[in-house]
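A.B. asks: These are the residues of each chain, in order.
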Amino acid sequence: MDALITQLPVGLAIGAVLLLAALGLNFTFGQMGVINMAHGEFIMIGAYTAYVLHAWIGVNPAYSLIVALPVAFAVTGTLGWLLELGLIRHFYGRPLDTLLLTFGIGMILQQAARDTFGAPNVDVPAPPWLTEGITLGDIRIHYARLFILTLALTAVAAIAYYLNRSRQGRQMRAVIHNRDLAAVTGINTRRVDATTFFIGSGLAGIAGVALTLTGPTGPTLGTNYIVDAFLVVVIGGLGQLRGTVIAAFALGMLNATVEAWTDASLAKLIAFTAIVALLQARPQGLFTVKTRALT
Amino acid sequence: MTTTAPALLTRLRGPLTFLALIAAALLLLPLLLEPFRLNLFAQYLCYAIVALGISLAWGRGGMLTLGHGVFFGLGAYAMGMHLTLASTAADPLNTTGLPQFMVWSGLTELPWFWKPFTHPATAIAAAVLVPGAAAALLGWSVFRQRVRGAYFAILNQALAAAFVIFLIGQQHLTGGTNGLTNFPVFAGHSLYSPTAQTTLYTITVLTLAAIYLLFRHVNNSRYGKLLIAIRDAEDRVRYLGYNPTWAKTLAYALSAMAAGIGGALFVPIMGIISPSLIGVIPSIMMVLAVAIGGRYSLAGAATGAVLINAAETTFAETFASGWIYLQGALFVLVIALAPHGLAGLTRQAATALTRPRTRTTPPAPQDTTTGSPA
Amino acid sequence: MARTRRGALTAATTALLLLTTACGGATTDGTDGDTVTVGMLHSLSGTMAISEVTVRDSVQLAIDEINADGGVLGHQIEPVIEDGASDEATFAERAEKLLQSDDAVTVFGGWTSASRKAMLPVFERNNGLLWYPVQYEGLEASDNIVYTGATTNQQIIPALDYLREQGHTSLYLVGSDYVFPRTANQIINAYAQAHDMEITAEEYTPLGHTEYSTITNDIARTEPDAVFNTLNGDSNVSFFQQLRSAGVTPDDTPVLSVSIAEEEVEGIGADNIAGHLTAWNYYQSTQTDANTGFVEAFTDTYGADRVTSDPMQSAYNAVYLWKAAVEEADSFEVDDVRAALDGITIDAPEGTITLDGDTQHVIKTARIGQINDDGLIDEIWTSPEPITPDPYLTGYDWAADLTG
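Residue numbers (this note's numbering), protein chains in the order written: chain A, 1 to 295; chain B, 1 to 374; chain C, 1 to 404.
Chain A with its partners taken away, still in its complex shape (with noise of 0.2 Å):
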């Protein structure tokens, strides 16, 4: 139990990794049904981003994350807009053949990478006032990891906002109900597609500039996320915010309660074979989206 309280700040941490790298998926791979092996490296321009708004334009470290997120989201998310545009818009209805086409492109992505920055990671220095953290009795929390969770519930908030209020979001839920029947209506789908692709991807270059806090920025920083990323959106239920969210935090949470009495090879070993497991309870993931299309 005491393990459980002083693990929690831990497992919102990193919850709220998962979930930052996971959002942009809940677009892409969730709404669209499109697995985008190259998210990861999406994360990877993000993070590179931030690095050269600090170190090639000079801006200030004190700030220069802050500016760093709008740019990568618009970074990222036009290159997203770019990939669907000319590749992946031919491939709706083949999932399987997008994986593998944007592994492709992917792997690309890291190499130029590799060839632009170099193959060691670069220091993307985080503002002063991120860098330290404070005691509360037992508990120990980060400003990085405290700023990390702000962001990933901001971003959840304002995606909520986007697809129940916004017009173009309730375009978007309608043609993922029904595509047909959602062209009837007059919506055009093509730049609905377009749009969330833009956004989904736009999330991962937030992700990328965020992660700069906790980790390595190098050319494969995509690829340590990737998989989780995956499972968060898989476990959550295709399509599902509440999933995603809620699948994020519980993956931290059993990492990071698993990790206090083991080690975190074996926390990670665990939280996979419970993966598992919770598949075969719930196919489908946590929640499901009730979808009028027939298949």
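Errors might be hidden in some of the hints.
[Claimed, not checked] Computed beta-carbon distance windows for the label pairs: (1) 150/A / 326/B: 35 to 45 Å; (2) 5/A / 201/C: 12 to 22 Å; (3) 201/C / 173/A: 24 to 34 Å; (4) 274/A / 223/C: 54 to 64 Å; (5) 122/B / 173/A: 51 to 61 Å; (6) 225/B / 89/A: 25 to 35 Å; (7) 34/B / 169/C: 54 to 64 Å; (8) 85/A / 275/C: 48 to 58 Å.
The set of hints was computed from the structure by calculation and includes no laboratory data.
Think of the CB as a built atom: it goes at the ideal place given N, C-alpha and C, for glycine as much as any other residue.
With the hints as your guide, set chains B and C onto chain A.
C.D. replies: Structure of chains B and C alone, referenced to chain A:
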């Protein structure tokens, strides 16, 4: 059915080409290639065996197995464990009778699951049966729940990730990141004499040929047609009264067994098996090789595996970074423009050249195993 | 029908393959006219390229210097460069090629334990000679490998001696989950038991792990005297960032790392790691004449922003040690060179070093360094004298149980 002479000739041409290829591989290549290159070629053939399995599960059955490295690894480790034990026993300097990595990890006794692998027969049987059983168990439990398409692919990927973490974490049992290596002896003979290497090569060629024939037979059987039906419209097959679960499980298990055999042959040829050969990325690479060769054609899949691995060696020898761009671009182009892979392209070219008939490649089967929730 | 065409396809590709595989097969004699072929085998792609490319650069530098100076026994060194691709099997395969196809008289290469273990049987059955440049976990002495980096008693044990001298008696162990950290920690445990030190925890994380909050919070809470860090590569970035967030400073709890050199400090961020300790045998700041020359030559060749590190220096030394042994033997033959190894001495950047013929390791001085704000490492402690390599720790009573 009456057969005219030309028709008979056409029917014989296939088997004849097949025999000619095997004869060329067995008689010609060992003469042409220096031992080092022949050994490399034998490695590629091991991946070709894995590719046959992936073609059956994915091309035929529509199951994208992104975790075939696991089954390759199970077969490889089974063989590796035996070779490690055999070489330990033959090492006069080793007094403990335990593999060195176990001694350093503080073990004083051979773990129970290592014991059966002292006998080569157990190891060979395990290399085939363990991957098969593992796949059957996993397959049955998820196919029963109608987990498919993208879910199945990602689950497989997670499996590969978990397996690697297990192998690395349980260093005292598995050799950790170093894997199993340094085993010069098999059944009392040196593994690295020229005769041993040629023998291994011959066995690999014959195994590849046998598995090819077996899977061709499977594909042409009623069961093969059922698999296509399941791939293209699983729900309709269900409505027709078939139970897709066992059919898919069988294909998945057969496919895993092929991967296990490929792995078991790979280890004595390569002299090493380690987690980095079987993780998430190597598993995807195995699938991509099949995509490039042509997932719907067994011969195409096997050729793809040989070509991609040969190209990897050749290009890595000359230019490292450029090769990754080229490889990435090749994956994108082939999957985008030629869903039937090189086999499809060759067939199209052949059709266009030989007779201007209207019959072209069948359209790409609609991938109905979509990620959208059903 | 379909079968024929598939057959034709396969036949065509087999022919093509024959061409591609046969191409690289032209053999050259190891010492052809006035050149001598050596192999360079490092990961130029994949995750390990980060580290290994720097080693490749310094080997190349040494070869260029020697060639400019007249070569070895009148032969110009001609390196054949191969990519290990961060993959053990590729290392084994490429090593086989270098020895069999290229007839390389010797090979410089390897970094990870896994790559060395994979190459070892290849070098043994072809009777080749591999120069391995990185500190490693010991428990190995192959006739076909020369180890120019430190073994455990030249790095880990001196580091423990230092910590003990400083009055640090409780240690927290954190490492990546692979062979070097596990072996290192066994040694540390045995050492601690024999010297009345306490090991408060021993934690392992998967390679590439990025979540260290549990461990860093634990360190902050249990306040050990020091942390002994055997994490590898990328994980160090997360570890030090999160250690700082957890409020652990080098003054309270210094972290002594054995896998962080000048190259890695940049990616971790000097401000995250400044003040913490490292254990090596060489730093860019090491004060010797040879080092001044080495650093100057290196930055002249590869750019002023490049740093030099212990593995790079050990790889650089390897080429000079090999040259000296060849000249001593007056032959490129592996057996002759091996026989000449014992007692070969050179003035290396790390100081005067001597080859120990019994173990084929290098007798070298251990150094503890402290990372400064500029990302370089200042030497703060030096072992009283060069340490004779003891890969199986036979000279330490407390280690008797470790090596079986």
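A.B. asks: Could you run down the list of hints and mark each one as holding or not?
C.D. replies: Taking the hints in turn, this is what the structure says about them:
1. 150/A / 326/B: 35 to 45 Å: Since the Cβ atoms of residue 150/A and residue 326/B sit about 43 Å apart, the hinted range of 35 to 45 Å holds.
2. 5/A / 201/C: 12 to 22 Å: holds, 19 Å
3. 201/C / 173/A: 24 to 34 Å: violated, 49 Å
4. 274/A / 223/C: 54 to 64 Å: violated, 33 Å
5. 122/B / 173/A: 51 to 61 Å: Between residue 122/B and residue 173/A, where Cβ atoms are some 57 Å apart, the hint holds.
6. 225/B / 89/A: 25 to 35 Å: With a Cβ separation near 33 Å, residue 225/B and residue 89/A satisfy 25 to 35 Å, so the hint holds.
7. 34/B / 169/C: 54 to 64 Å: holds, 60 Å
8. 85/A / 275/C: 48 to 58 Å: holds, 50 Å
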